[in-house]
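Asker: Given next are the chains, with one letter for each unit.
There are 2 protein chains.
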Amino acid sequence: MLTYSFSDTGSDSLYQHLYKCIKNDILARNLRAGEKLPSKRTFAKNLGISVITVENAYAQLISEGYLYSVPKKGFFVSDISMLPSGTAFGQNSTARSLSKAAFSQNGTVRSLSGAAFGQNSTARPLSGAEKQAGTANLPSPPIDLTSNQTDIRNFPFSIWAKLVREVLNENQQELVTNPPCGGVWELRSAIARHLKDFRGINVAPEQIIMGAGTEYLYSLLIQLLGFDKTYAVEDPGYRKIARIYEKHKVACRHIPLDESGVCVSALEKSGADVLHLSPSHHFPTGLVTPISRRYELLGWAARAEGRCLIEDDYDSEFRMTGNPIPAMQSIDLSEKVVYINTFTKTLASTVRISYMILPRHLADRFYRELSFYSCTVSNFEQYTLAHFIENGSFEKHINRMRSYYHKKRDLLIQKIRQSELAPHAIIREEDAGLHFILELRTGLSDTEICRRALQKGLRIAALSSFYAQMASGIEHRFIVNYSALPEEQIDEAIRILCEIIT
Amino acid sequence: MLTYSFSDTGSDSLYQHLYKCIKNDILARNLRAGEKLPSKRTFAKNLGISVITVENAYAQLISEGYLYSVPKKGFFVSDISMLPSGTAFGQNSTARSLSKAAFSQNGTVRSLSGAAFGQNSTARPLSGAEKQAGTANLPSPPIDLTSNQTDIRNFPFSIWAKLVREVLNENQQELVTNPPCGGVWELRSAIARHLKDFRGINVAPEQIIMGAGTEYLYSLLIQLLGFDKTYAVEDPGYRKIARIYEKHKVACRHIPLDESGVCVSALEKSGADVLHLSPSHHFPTGLVTPISRRYELLGWAARAEGRCLIEDDYDSEFRMTGNPIPAMQSIDLSEKVVYINTFTKTLASTVRISYMILPRHLADRFYRELSFYSCTVSNFEQYTLAHFIENGSFEKHINRMRSYYHKKRDLLIQKIRQSELAPHAIIREEDAGLHFILELRTGLSDTEICRRALQKGLRIAALSSFYAQMASGIEHRFIVNYSALPEEQIDEAIRILCEIIT
Chain X
1 MLTYSFSDTG SDSLYQHLYK CIKNDILARN LRAGEKLPSK RTFAKNLGIS
51 VITVENAYAQ LISEGYLYSV PKKGFFVSDI SMLPSGTAFG QNSTARSLSK
101 AAFSQNGTVR SLSGAAFGQN STARPLSGAE KQAGTANLPS PPIDLTSNQT
151 DIRNFPFSIW AKLVREVLNE NQQELVTNPP CGGVWELRSA IARHLKDFRG
201 INVAPEQIIM GAGTEYLYSL LIQLLGFDKT YAVEDPGYRK IARIYEKHKV
251 ACRHIPLDES GVCVSALEKS GADVLHLSPS HHFPTGLVTP ISRRYELLGW
301 AARAEGRCLI EDDYDSEFRM TGNPIPAMQS IDLSEKVVYI NTFTKTLAST
351 VRISYMILPR HLADRFYREL SFYSCTVSNF EQYTLAHFIE NGSFEKHINR
401 MRSYYHKKRD LLIQKIRQSE LAPHAIIREE DAGLHFILEL RTGLSDTEIC
451 RRALQKGLRI AALSSFYAQM ASGIEHRFIV NYSALPEEQI DEAIRILCEI
501 IT
Chain Y
503 MLTYSFSDTG SDSLYQHLYK CIKNDILARN LRAGEKLPSK RTFAKNLGIS
553 VITVENAYAQ LISEGYLYSV PKKGFFVSDI SMLPSGTAFG QNSTARSLSK
603 AAFSQNGTVR SLSGAAFGQN STARPLSGAE KQAGTANLPS PPIDLTSNQT
653 DIRNFPFSIW AKLVREVLNE NQQELVTNPP CGGVWELRSA IARHLKDFRG
703 INVAPEQIIM GAGTEYLYSL LIQLLGFDKT YAVEDPGYRK IARIYEKHKV
753 ACRHIPLDES GVCVSALEKS GADVLHLSPS HHFPTGLVTP ISRRYELLGW
803 AARAEGRCLI EDDYDSEFRM TGNPIPAMQS IDLSEKVVYI NTFTKTLAST
853 VRISYMILPR HLADRFYREL SFYSCTVSNF EQYTLAHFIE NGSFEKHINR
903 MRSYYHKKRD LLIQKIRQSE LAPHAIIREE DAGLHFILEL RTGLSDTEIC
953 RRALQKGLRI AALSSFYAQM ASGIEHRFIV NYSALPEEQI DEAIRILCEI
1003 IT
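These protein sequences, in sequence, are chains X and Y. Numbering (this note's numbering) for the first sequence: 1 to 502. Numbering (this note's numbering) for the second sequence: 503 to 1004.
Looking at chain X on its own, in the form it has when it is part of the complex (with noise of 0.2 Å):
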């Protein structure tokens, strides 16, 4: 009769070991398929175990395929032929006993997350793959003017503890409850009424769709049009929207700006369906598309069924002279704009909560065809937000951000203006968004530019590197995102690149 040893269980159970012992016997082919094993009760006796040990054994094996069981007449060794040839049948390699070493080395995670967390300024730690796709080869620079990271001074941190015990003591059903596909039902409706008392955008609450980031509804609305459109997006833009539509590989056009926005003859002639925009605050020029365009590009929309804009109000809220610029969704009467905005901007980069606004048809569609997907953001966070809008202490954030921007930038722009960087350089844009134009005077090509700045520990990007396609005139403009920068960063960031201009 089978048996086995116990007296070197290890760490293992009696059970765990009389199960491997079963399967390696299994895989060693010292069992064969169609093999009897002993009862049961006989096997417990003969190995001094007990009946229930046995029969966990078994029962592991059998759920696993190993062994099967015939009512009445025992248990029996599963034919396992299929099990890849060449691999070291018998000699424990699978992952079972592979989890054994593991078990030894308990230490090594935490002391690697822990080094990861200790490098409090670069932008994101790195793992090792990641570095291998070649993205940091250069330790981070100490002053990034690229980087959209929220300053840690910020962020609201003790209103938002406060409202996430509350939503924690107060609304534990409602945490745990499914929230509608669009999104947690109050956040929703706050979003409407703070979109009607500050923007001016009047939406029903089920217009409103919220989702993990701008870039998952970005996703969204493609299963939502259509992979079957034609794309546009901005030329010069952010470049992570044309990644989105390639990686999904949709057809995409770049359209060329003029100083209006959108060039409406090359949107005409490239044959596209839907055009991505940012009307208030264009990324990278900070351009803002007149009314008059507005309506030619609504008028675009309007001419043909199927047509659609993407209005992307990315930092709208942080506009820092006379109202917010009307959103272009308030002024469509033809149900062809879909507004898009974040809580990225407003909040933290790390708080992944946006939105996007459906005309009705959209909407309608939406419901009909996608909500079976569950919403992607956590119940925890819509509830917080909600609450944290609802009580007014966004506005009041963001307002507090738009001073404590306007101050930076104000301090940004004196400081370059008194500097000796000040005849050499020409400030573009600076009344809208978190970031400005810089342009300089200079014989060296932008990419030397940043590439010597980079050298000297400062993180800068060239407008010309947001073109698809070149265009002239546009070399040596750099973008200027101040929002993450550090006041005390400010005299060494001119001082570099001053260094490398004069």
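It should be emphasised that the hints constitute simulated quantities derived from the structure, not laboratory data. A portion of the hints provided could be inaccurate.
No farther apart than 30 Å at their CA atoms in a straight line, the calculated lysine-lysine pairs in the BS3-like style are these [as the list claims (entries may be wrong)]: (1) X:Lys456 <-> X:Lys408; (2) Y:Lys917 <-> Y:Lys898; (3) Y:Lys542 <-> Y:Lys958; (4) X:Lys240 <-> Y:Lys742; (5) X:Lys162 <-> Y:Lys664; (6) Y:Lys731 <-> X:Lys240; (7) X:Lys229 <-> Y:Lys742; (8) X:Lys249 <-> Y:Lys771.
Assemble chain Y onto chain X, guided by the hints.
Answerer: Below, chain Y alone, put in the same frame as chain X:
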């Protein structure tokens, strides 16, 4: 004043009758948008019913979006011009008028959601627009055997709240620092260690990619593996998967199962490149794919370049007897398996955190091609969950849940066996996961049984409804999803089934 007859309420309760009367009047435009309804007290007195009855009817109508309440003012008819054409409407269809009505009342939102969440047992509160999708013509039934919701008593609120507080105090810099595209390193390390300790899976944290729900990860995987690939799903299977492929316009084949799982010859014939499967606990049959079939499937994947298996391990943590079934990922020597798991089953369906494990060559490709995507899970929840796993709470929680579900399953099965249903019922596949199959001896069709059950207040799904291609011998089998079933509803659920069958 509005009045209704209660002389013929059929099988409806008073509250259901009243609810239907008012709803019909709203749909028929006998009650107009903005019209005020009688106060609960007056209405109750007038109709000769209790205030509670009116209250319940109003609450149901509010939660479905037919009414809204204004604190200290009363109850008003919502603008329902969004409802589908063809059903009695045509006026007021613009966004502006709708939202105007919606914004006059300040308290709406809160009371709306409050009402919606009073109903513990419903799967999801539906907005008006979602109703258009045809998902909720009846009031949600009180007993739901199709829900995957977390019972509020099971979410570890106190430890979660404590960890959130700690993270908000101690990890502020990390919270606002953009994580790598794959997710927060600390969380991925914690998951890697957990998988090693409890699932015998050996992976490096950089192979783990976090995402806001598995649905999002499927979409990422299509981008990673290719829109030109042919995807295969299990038939029967979890219907959402096929819908996601369909919505992405990629070729999708339904592969029949035999008694060991996915049928390899059919798979071979289908021309598929990628197979999506749940080998450890198939939904809905409960089947565990035995080891020999697992190797056959791995063999299939290894036979051609570009083939791949997506192993969905969605509720392996809740295997009731024996150890968890080893993952296919852990016996995959050819780097052909993508492993997917989620915390929506183990924590709460409203916590949107899932992850996938990519084999090295796919992880490399992911970082090369898709690392421009931001991680869709908010840092706040990633850090909280990381601490939850690291300090052992997750393992404790799973054990507690497992024993809770075990107990509930045993009670449910015991009660079925002791009931009048027993002679008509066979229970299958009750050893794993959070559902089992109830086979009923009946002459009624599956559709008829589900319809009658719903009428009596019980939502249950037939196994046959999960088949893309009808197969023989699958009728009269019903899926009992007991995770969200309150114990106090067990008797009533059995009673309803008895009533239908006997």
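Asker: Which of the stated hints cannot be reconciled with the structure, identified by number in ascending sequence?
Answerer: none
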